[in-house]
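K.L.:
Here's the letter readout for the chains.
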Amino acid sequence: MKHIFSREFWGERDVEQYIGKLLRYGVMLSCAITIFGGIIYLYQHKGIMVDYSPVPTGMSFGVDEYLRELNTIFPRMLHFDGAAIVQFGVLVLIATPIIRVAFSAFSFLIEKDYLYVVITLIVLAIILANMLLGLH
Amino acid sequence: MFYQHNYLRLLCPVKAIKESASLERKSKTEFPLFRYDMSLELFTFILFLGAIAAGFLGSLTGLGGGVVVIPLLTLGFGVDMRYAIGAALVTSIASSSGAAAAYIKEGITNVRIGMFLEIATTTGAVIGAVIAIWLDKKYIALIFGCVLIFSAIRTITKKEDKIDPSAPADKLAEKLKLNGSYPTKEGVVNYKVQNVAAGYSLMTLAGVLSGLLGIGSGALKVLAMDTAMKIPFKVSTTTSNFMVGVTAAASAVIYLQRGYIDPGLAMPIVVGVLLGAFFGSKLLPKVNVKKLRLLFSVVIFFLAISMIYNGFTGKL
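So the sequences go chain by chain: X and G.
Numbering follows our numbering, with no gaps: position 109 of the first sequence is 128.
Numbering follows our numbering, with no gaps: position 188 of the second sequence is 373.
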């Protein structure tokens, strides 16, 4: 096994395959969390009637406040709140391609392709700024 | 989000009369096919089956899961457009990331083109998601309808590579090291990227649309890469798939913070579409997709028309 920080390791096609696997594992992990949370969610809301009917634009709309941010989802998740667990699975799914971009930055850095390190970091910065600034 | 079903209403004549008026109004509309009088378990189960079918068809026809999920939720289940878009975004991420592993193995994704154009698509995706929050739903339905029609037409039109190896490469493409090669049975094919600026602008538009509509807008991404940048079809398709996940993640963050991603919808949709797409990809080499694509494009076309109609009559 080649050393993970060596140039040979990142220079070969292998690295792309590792990234491909990472994506697949991310999706599988997210799926597992979502199914687990979903079963709890169904149990906790057993027999309830669904209503997702349209709400006119401009009126208050959306899921419960606590399902909108990681720092409120996480504590509820530990209390086995089904909806929070599903939402956490969705967060893992959203994080998967973002982590993939971060890996690419690293792989360009090892290749000493600094132009693409910068380009990749710009993409990451747009996503992270979007996440941190939020639009509340 | 929910209302507790009141079985007592059957025993209460006054209330029953009141409600019969609204029921009559609903029965006149063709869409949605299912509504209200369903328990969560049944709703989740039917939605799960629908999502499997959507993922299956989306992967067989190459349209992607997101395009199918929105009509399924809005027209089929009478779900608010914004929840449908949130669910479609999550679906796009799942199906793109799931497929990426297979594409990368073939070694034709151009990561540099993808990464460079992602600056455009993520910027666009953020703009699109912000517009979606303020724009009236009927305009979103209209735009979605138009994109659906465009995607349907793109699915059935013949795709040909018009690569001219002697054409001088774009200076910007050379500076950005976008030119590449890919392996074929006849040997390695080199390609040079053209019109980088035009491709970049089209990609920004594709990003805006995916932020606005929750779809991968793969058709538009491929168009930008094929027609403007003259990238071979094999490379553009896989590179577009690579980009869909990142673009969708950028706008999904905004949808999540606005509360448009509902766990009760996300669970059956994501799992169902992934399962369906898996079956679809297993079956893909064995079936003649040409007729299926044509049939599906016609269906999509009619779905598009009814999306526009229902959007403007305020039913979505």
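Worth flagging that the hints you see were computed from the coordinates, not collected in a lab.
Mixed in with the good hints, there may be bad ones.
Computed list of lysine-lysine pairs in DSS-like fashion (alpha-carbon distance at most 25 Å, straight line) [what the hints assert, rightly or not]: (1) LYS323/G to LYS377/G; (2) LYS377/G to LYS356/G; (3) LYS476/G to LYS131/X; (4) LYS131/X to LYS377/G; (5) LYS356/G to LYS131/X.
K.L.:
The structure should be examined with respect to each hint, and the outcome stated for every one.
P.N.:
Do the hints match the structure? See the list:
A distance of roughly 42 Å separates the Cα atoms of LYS323/G and LYS377/G; the hinted pair therefore is violated under the 25 Å criterion. Taking the CA atoms of LYS377/G and LYS356/G, the gap is near 10 Å; set against the 25 Å cutoff, the hint holds. Between LYS476/G and LYS131/X the CA atoms are separated by roughly 48 Å; this puts the pair beyond 25 Å, and the hint is violated. Restraint check for LYS131/X and LYS377/G: the C-alpha separation of about 23 Å stays at or below 25 Å, so the hint holds.
Only pairs whose Cα atoms come within 25 Å are accepted, and LYS356/G paired with LYS131/X is accepted, the gap being roughly 22 Å.
The earlier numbered hints that this structure contradicts are 1 and 3.
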